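2 protein chains.
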Amino acid sequence: MYVTKNEQREKAGLPGLEHITLAGNADGLSRLSVWQQSIAPGAATPPHRHECEEVVVVKSGSGELHVEGKVIPFGADSTITVPSNVLHQIFNTGETPLEITAALSASPVEVFLPDGARLDLPWRT
Amino acid sequence: MYVTKNEQREKAGLPGLEHITLAGNADGLSRLSVWQQSIAPGAATPPHRHECEEVVVVKSGSGELHVEGKVIPFGADSTITVPSNVLHQIFNTGETPLEITAALSASPVEVFLPDGARLDLPWRT
Numbered sequence: 009m010y011v012t013k014n015e016q017r018e019k020a021g022l023p024g025l026e027h028i029t030l031a032g033n034a035d036g037l038s039r040l041s042v043w044q045q046s047i048a049p050g051a052a053t054p055p056h057r058h059e060c061e062e063v064v065v066v067k068s069g070s071g072e073l074h075v076e077g078k079v080i081p082f083g084a085d086s087t088i089t090v091p092s093n094v095l096h097q098i099f100n101t102g103e104t105p106l107e108i109t110a111a112l113s114a115s116p117v118e119v120f121l122p123d124g125a126r127l128d129l130p131w132r133t
Numbered sequence: 009m010y011v012t013k014n015e016q017r018e019k020a021g022l023p024g025l026e027h028i029t030l031a032g033n034a035d036g037l038s039r040l041s042v043w044q045q046s047i048a049p050g051a052a053t054p055p056h057r058h059e060c061e062e063v064v065v066v067k068s069g070s071g072e073l074h075v076e077g078k079v080i081p082f083g084a085d086s087t088i089t090v091p092s093n094v095l096h097q098i099f100n101t102g103e104t105p106l107e108i109t110a111a112l113s114a115s116p117v118e119v120f121l122p123d124g125a126r127l128d129l130p131w132r133t
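Taken in sequence, the protein lines are chains A and B.
The opening position of the first sequence corresponds to residue 9 in the numbering used here, with each subsequent residue numbered one higher.
The opening position of the second sequence corresponds to residue 9 in the numbering used here, with each subsequent residue numbered one higher.
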């Protein structure tokens, strides 16, 4: 299956966060996952880290990246680069949904909370 | 540099193809590259393969994926998944620019033509 329609993908989510796995392990990939997410105004990802690299392309909306004690604002048409194992959190600080596409250099992706506990995601990674 | 503005990235291209490297080796990544490309109506990528996995998210426009003797049409809001080392080519068969974001599971990315020759890309991979 080389081509899939995004709207036909299974939807999942966390509080304030809608998620679609656009491609990943179930598509035969082992080194790459691509996720589409919409974060509601006022919502955020959990603070987390993973052992893979991550690149987040911001399609619309605005927010803040919290990373290594820094707060970095960003808007649409920006790209966020997160090295392996760096704790980070993305907030929607705007008044419209924050629409992002995230690429991660692993599949499945293992995600860890600040205390080291594994975060069991409710979607196929 | 965790956040960059896409419009401030260096532009490059091939005939009929505009390219921006949103993230890659120059940003400290070694296992992930993310590219933004606009392919003009009637234009195409070269036929090529790479040793990494690739996921292409189609933002707007329409086209065809040529892969393993198949011709697979696609439209906006689709996702193309290409395993490692599979020869492929993406055509814009529509009348508007084909806008895509491509994630690749390596950085830099080495690209090869059907005859095995390396394709020297005019952008940082």
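Hints in this document: simulated from the structure, not taken from any laboratory.
Remember, it's a predicted structure, so these values are computed and weren't measured experimentally.
Be aware that a few hints might be false.
When chains are identical, the list treats them as one kind, so a pair holds in a single copy or across two.
Mimicking DSS-like on lysine-lysine, the simulated pairs with C-alpha atoms at most 25 Å apart in a straight line are [as the list claims (entries may be wrong)]: (1) K78 <-> K13; (2) K78 <-> K19; (3) K13 <-> K67; (4) K67 <-> K78.
Evaluation of the provided hints:
1. Within a single copy, K78 and K13 get their C-alpha atoms only as close as 37 Å, which misses the 25 Å cut-off; across copies the closest is 18 Å, which meets it.
2. Taking the shortest alpha-carbon separations for K78 and K19, neither the intra-copy value of 32 Å nor the inter-copy value of 29 Å comes in at or below 25 Å.
3. With identical chains, the CA atoms of K13 and K67 are at most 25 Å apart both within one copy (18 Å) and between copies (12 Å).
4. Taking CA atoms no more than 25 Å apart as the test, K67 paired with K78 passes inside one copy only; the shortest distance there is 22 Å, against 31 Å between copies.
Violation of the numbered hints given earlier is confined to hint 2; every other hint is satisfied by the structure.
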